[in-house]
Each structure stands twice: as C-alpha cells, then as structure tokens.
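There are 2 protein chains.
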Amino acid sequence: MKGNLFVVSGPSGAGKGTICKAYVEKHPEVYLSISATTRKPRAEDADGVTYFFIDEDQFRAGIAKDAFLEHAVYCDNYYGTPKEPVMKQLEAGRDVILEIESDGAMQVRSHFPEGVFIFVCPPSIEELNRRLEGRGSETPEEIQARLEKAKSEFPRAKKYNYMLMNDDVDAAVQRLEAIIAAEKCYMPRNIEFINKEFLK
Amino acid sequence: MKGNLFVVSGPSGAGKGTICKAYVEKHPEVYLSISATTRKPRAEDADGVTYFFIDEDQFRAGIAKDAFLEHAVYCDNYYGTPKEPVMKQLEAGRDVILEIESDGAMQVRSHFPEGVFIFVCPPSIEELNRRLEGRGSETPEEIQARLEKAKSEFPRAKKYNYMLMNDDVDAAVQRLEAIIAAEKCYMPRNIEFINKEFLK
Numbered sequence: 001m002k003g004n005l006f007v008v009s010g011p012s013g014a015g016k017g018t019i020c021k022a023y024v025e026k027h028p029e030v031y032l033s034i035s036a037t038t039r040k041p042r043a044e045d046a047d048g049v050t051y052f053f054i055d056e057d058q059f060r061a062g063i064a065k066d067a068f069l070e071h072a073v074y075c076d077n078y079y080g081t082p083k084e085p086v087m088k089q090l091e092a093g094r095d096v097i098l099e100i101e102s103d104g105a106m107q108v109r110s111h112f113p114e115g116v117f118i119f120v121c122p123p124s125i126e127e128l129n130r131r132l133e134g135r136g137s138e139t140p141e142e143i144q145a146r147l148e149k150a151k152s153e154f155p156r157a158k159k160y161n162y163m164l165m166n167d168d169v170d171a172a173v174q175r176l177e178a179i180i181a182a183e184k185c186y187m188p189r190n191i192e193f194i195n196k197e198f199l200k
Numbered sequence: 001m002k003g004n005l006f007v008v009s010g011p012s013g014a015g016k017g018t019i020c021k022a023y024v025e026k027h028p029e030v031y032l033s034i035s036a037t038t039r040k041p042r043a044e045d046a047d048g049v050t051y052f053f054i055d056e057d058q059f060r061a062g063i064a065k066d067a068f069l070e071h072a073v074y075c076d077n078y079y080g081t082p083k084e085p086v087m088k089q090l091e092a093g094r095d096v097i098l099e100i101e102s103d104g105a106m107q108v109r110s111h112f113p114e115g116v117f118i119f120v121c122p123p124s125i126e127e128l129n130r131r132l133e134g135r136g137s138e139t140p141e142e143i144q145a146r147l148e149k150a151k152s153e154f155p156r157a158k159k160y161n162y163m164l165m166n167d168d169v170d171a172a173v174q175r176l177e178a179i180i181a182a183e184k185c186y187m188p189r190n191i192e193f194i195n196k197e198f199l200k
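Residue numbers (the numbering used here), protein chains in the order written: chain A, 1 to 200; chain B, 1 to 200.
Watch out, some of these pointers could steer you wrong.
Identical copies go unnamed one by one, so any copy, or any two together, can satisfy a pair.
Claimed, not checked - Below, computed lysine-lysine pairings styled on BS3-like, alpha-carbon distance capped at 30 angstroms:
hint : residue 1 : residue 2
1    : Lys151    : Lys88
2    : Lys149    : Lys2
3    : Lys21     : Lys184
4    : Lys158    : Lys200
By construction, these hints were calculated from the structure, which means they are not laboratory data.
Here chain A stands alone, though its shape is the one from the complex (with noise of 0.2 angstroms):
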C-alpha cells in the first residue's frame, strides 16, 4: 500500500462532513472516499456525489461479495464503503480520506492498523447538542437518537490517533492538514528510503 489511509469519523454533528468536503476541494490530490447507503437522499444529496445510494438488497449482495472495507447499520439504514475503489487509490499512491462512522472506523483499524484514525470533536456538549437541533432536516425523535447515539462514541475517542477539535471550520480544515502533511513525515514511513539511501 502506497498512499496513506485516513480515516475521519466522530460523532454525528461534529462536522466531519464538512471538515472533509473543505479538504478536499483544497487538496484534490486526495481521494474522499464515497460511500454507499441504504438512507434516503436529503436536499443537499446528490448520486455518486455525496453517497452511492442503494437498496437494501444491494446492500446485502455487497456484503456477501466482501464488496465493503467495512460497514455498519446506523439509525436503521445500512452505510458501507466500497472496497475496490480505495484499495485502486491506495496502490496507485493517492492518500485517500474515508469520512464515516465510529462503528466503520473501528472495522476499518482492525485490517489497517497502520491506517491513520482521526476523531473530529465539538468543542463542547452545548455546542454539539445545538448543532444537532439546528440540523433542521429530522424528526425530534431522530434529533434524540442521533444524541444519544453520538454521546455514546465518546469513550471510543481514545483508539483513535488524533483529536481534530472543530471549533471553526478553516481551523479544522487547517489541523487535517497538517495531521496529513506530518504523517508523511512519520518514521515508519520513511525508514525504507534511509535504509536504502543510507545504509546500503
């Protein structure tokens, strides 16, 4: 594997989708990751853009072909990210970004432990219940799960390698950067050049 695998997930209302979409338009070197779903398709959706949207028997012939990195339920619909596509990107030298959920994440550091695991953050409880509520596009019970939900990822924060706070955007986008950048720079991944260059 050549580029670089990061893996950007946190709870729901933290901004990760955000946070990514910036990057990337930015950086457009880097592959985002385009999952597939079982949900329905909101306003701002678009096929193939936001998400690959499928149906369920889809959905499950994916999985019994291994055709997902990983895949998880949440809040009742199925989200998956297509192997084939990633594993191209990665072989080929592209860092790629996979924007999913904690459930994936973890599936995903299970194969790829040497993937790089991002937990986007609020920068408070306040903050994340009001940007939950502002959300606007879901019913109160589905505002209420979707709290519940993503309280309950927390305590998962510390198997993920970094804390991305999202206080403001640009400052967000800022930080992923420099997490991408720094991580070329990691030991592990450069000790094959030394080795050759210098200890031949």
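We have chain A; now place chain B onto it with these hints.
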C-alpha cells in the same frame, strides 16, 4: 508538563540548525533551547545566542550538579542542554525545541518518552558529503571525522518519531510546522479534555 518538547536532531550537515532557526523566526511563541558548549566560537557565533560558550571546568561543574538535560562529547567538545530554562518554559505551557546531536537526543528520549523526536535527513548521501565539504570552517581531518560520525547516525533514525527531509529549507520548515501542529492534535495529549467535557 504542559508544553510539548520537540527534539530535532540528525547528522551534522543535514541542516537542523538552519531549519530550527527559520522555524522560531516564524514562530517566536516556541522556545528554542540554547545549548552550552566548550567548543571554540565560529565567526557566525554569538555567546548566549547560538550557544553559551563555557570552559571545561564550568561544564564539568554543571554535570556534577545535574544541571543538564543531556550532554555529550562530540568531536572533542562538550555540548549540553541546560535543564532549568527548558523545564520552566514547558511548565508555563510553551512548546520547546531542542536542536541537539543524536547522543543527546537518545538521552532525552529515555527521560521524556512523551517528547517528539525528529530526525533531519539530507536527500542523499552525495548531498550530505557536499554540504559537509562546503562548510569551509574546518580542516580536512575535521570534515572526515564529521562525515564518519554523520554516517554512523543513520542506524538510529528508526528511534525517532519523524523523518524531516531537508531537500529545501522552506519545505523543511513547512514540514516542521505540520509536525508541531499535528502533535497538538495527538490523541494522548487531548484525551483529558474529552474525558472532562464529554465523559464526566
């Protein structure tokens, strides 16, 4: 310890001094430690700025008082990092950079495993030779000693957290900026915040 400790090392001629100097010029909020040494000042040196120039008796007295964070003999001269100013800055929450030889870096690593260890690396062995020969301030014997010493440091590279490639000073400074910014996001440095804010 509230600030982060960054230890920048690597073979003589890799350019660690130039990079650190350029970094703190852009980031005066970071404290660059000033080493003490018994070596003779060069034309570009200024006492208390590039080094504290002291004699061997003074240096030995400092060792006896445990006043150095690390010290080493290098090309027949003593070099050491005065402990007190570094600890003061770290306690005050300021990040600190030590630009030191690799013997000293390994000593610091044994006492501060939470430090960030950065190995500055020239792009090639030929370029390293060129830089050491081009310096012009030393005798051929001194150059040869530095070359041998430089080459002997590469097997230690794997003990560092990061490789900082110095093919170009500006690019290298940007990499150092990324490493320092990313380390602020490193999860173990943030888990206390998450526990306090979201898991109380």
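Here is what the structure says about each hint:
1. Lys151 x Lys88: neither (35 angstroms within a copy, 38 angstroms between copies)
2. Lys149 x Lys2: Classified as neither; 35 angstroms inside a copy, 32 angstroms across copies.
3. Lys21 x Lys184: both (21 angstroms within a copy, 23 angstroms between copies)
4. Lys158 x Lys200: between (39 angstroms within a copy, 15 angstroms between copies)
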